[in-house]
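Number of protein chains: 2
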Amino acid sequence: VPFGDTLAARVCERESQLVLGIDPDPRALWAGTATARGDGQGRGTGDAASAQRAADAIVGHCRALIDATAQACVAVKLQLARFEIFGAPGADALAIVAEHARAAGLLVIADGKRGDIDVSAQAYAQALLGGMDTPFGRVRGLGADLMTVNPLMGRDALQPFVTAARAGGAGALVLVRTSNPGAADVEDLRLTDGEAVWERVGAIVDELGEPGIGEAGLSDVGAVVGATEPRHLARARELMPHAIFLLPGIGAQGGRVEDLAPAFAPGRAGGLVTASRSIANAHQGGDGSPADAARAEAERLRAEAWTLG
Amino acid sequence: VPFGDTLAARVCERESQLVLGIDPDPRALWAGTATARGDGQGRGTGDAASAQRAADAIVGHCRALIDATAQACVAVKLQLARFEIFGAPGADALAIVAEHARAAGLLVIADGKRGDIDVSAQAYAQALLGGMDTPFGRVRGLGADLMTVNPLMGRDALQPFVTAARAGGAGALVLVRTSNPGAADVEDLRLTDGEAVWERVGAIVDELGEPGIGEAGLSDVGAVVGATEPRHLARARELMPHAIFLLPGIGAQGGRVEDLAPAFAPGRAGGLVTASRSIANAHQGGDGSPADAARAEAERLRAEAWTLG
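Chain order of the listed sequences is A and B. Quick note: the first sequence uses this note's numbering, first residue 3, plus one each step. Quick note: the second sequence uses this note's numbering, first residue 3, plus one each step.
Just chain A, same shape as in the assembly:
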């Protein structure tokens, strides 16, 4: 099944376009979840034991965050950096959290923003998607449904990700116009024909995605388009009529759901609204428990986007 159809069905079934961003800060985990994993209260000393304890605590936090909000979401987005810092225990934690999200009925987006060429790009794609066969046996991948990729190095850096995703019924989300101020430094540069660099990247996304358009009209090559600059959304949609847009920047970064309408032009699954800190930290400054506050904020965002789409 082409990924666009998988997503369209899932969005419809869950009545949600909301993506829970999982970005765990070891210094700001929810209280009372650190023992949730139950099998890793390591008492050892040294760096390796610390990494194991931190990774275990992060698993507990992430499980609680998923359990609290899954009902309002269609997917989780895992920020890989926050797991890699813990080395091998972090790699295990990432796999456990992805599995927990799947068990809760959610799709999994691996947010690693990888970009490389040839066999390296292929190895990244295998790591994040379905793994590979080796002379030592089958090696499992993370099993993600979508992965973010960086287009700086051009088509031959994107194609291995697209090929691997398409073969496995998954998708790739290309960084087109990101939500940070630094997007002005490279992505917004003007080319001789008047277009911005990001618009040219958008055209490449449309081209690479063309063979992967499903019956719902959505392609398996999507785009990351920041929600902080809504004036770009209409233009992005013009350039990429079939792309799934991942829309970061809502909440903590200042983006507003009501500005996202152009993203939903090809249907509700055309735009995935992602929020991280505004959900995980919703309890700060309030009375409720972290889980209750997160659930309420996720449901609020879900309903707001659903009304719009």
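For the record, the hints were derived by calculation from the structure and aren't laboratory data. Keep in mind it's a predicted model, so treat the numbers as computed, not measured.
DEER-style ranges, computed between Cβ atoms:
(1) B:Glu101 <-> A:Gly256: 38 to 48 Å
(2) B:Ala263 <-> A:Arg140: 39 to 49 Å
(3) B:Gly107 <-> A:Gly290: 50 to 60 Å
(4) B:Arg140 <-> A:Arg279: 23 to 33 Å
(5) B:Gly290 <-> A:Glu217: 56 to 66 Å
(6) A:Thr47 <-> B:Thr47: 26 to 36 Å
(7) B:Arg104 <-> A:Arg140: 25 to 35 Å
(8) A:Gly196 <-> B:Gly256: 31 to 41 Å
(9) A:Thr309 <-> B:Leu193: 39 to 49 Å
(10) B:Thr47 <-> A:Arg258: 50 to 60 Å
(11) A:Glu17 <-> B:Gly256: 50 to 60 Å
Reference listing, derived: stretches of chain A covered by chain B, where coverage requires no fewer than 3 residues with Cβ under 8 Å from a Cβ of chain B:
(12) 77-85
(13) 125-138
(14) 144-154
(15) 180-186
(16) 199-211
Glycine included, every Cβ here is placed at the ideal spot set by N, Cα and C.
Could you slot chain B onto chain A? The hints should help.
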């Protein structure tokens, strides 16, 4: 000590600007090294046991490759994708190989081409460099001396890497003009003022690196400039007079050492010549052992670059 001075001293001491690219393909490991680790001949079944066996075999291969060629090299460049595919055992293998390289007197370049913003960029930098303090204890990083980073998202995606590197006496290598054909798709696009996108990125590299120039005249913010397009090297040097250039593309990709002279303008440590497959696969089609062939090829490249610089 600013990283540029560390590198200049190391290049001088080892009489080498050669970087051994470590990019292990599990289907093409050197024969007879798979048991070199000695502690991981797992007999289990299933994906996890396969990943452990593959990671162990890769450690054996990489140790043998380093042992054979270290004398001709100043650094190793670890392609992170090839380790990540093995999950937790891959993360352990990466750390073991990095430590083996250090013990052989080599600097370590983490080639992950990471690019993200804010706390995510900071987490990647901590993972690759010196780790972080957590409420669960100190977590160790990979301890790399240099890491490759992707500038697509702009200055605020680069600065956390630069800040972390500078604080730890390490350096960052920004992708400026890569060695793949796809570089034409984005990096080579012409801007309204006639410059290419990559030239604008080069100017950002120069600006970010200015506070990190050491006594040897080299900065802690360097650039990846492909050796496959030598006509770009002189222009890159003009834009980034103090940057350390990492020069991929020699050998298998068609680049030639004799075209690299402009890279060495600020001194021999101004250019790091990196070769992967042409060293690891030097024995193919010949009579000698993999180790002997790799050693000879590494020494040939070292001498060629040293004569030029």
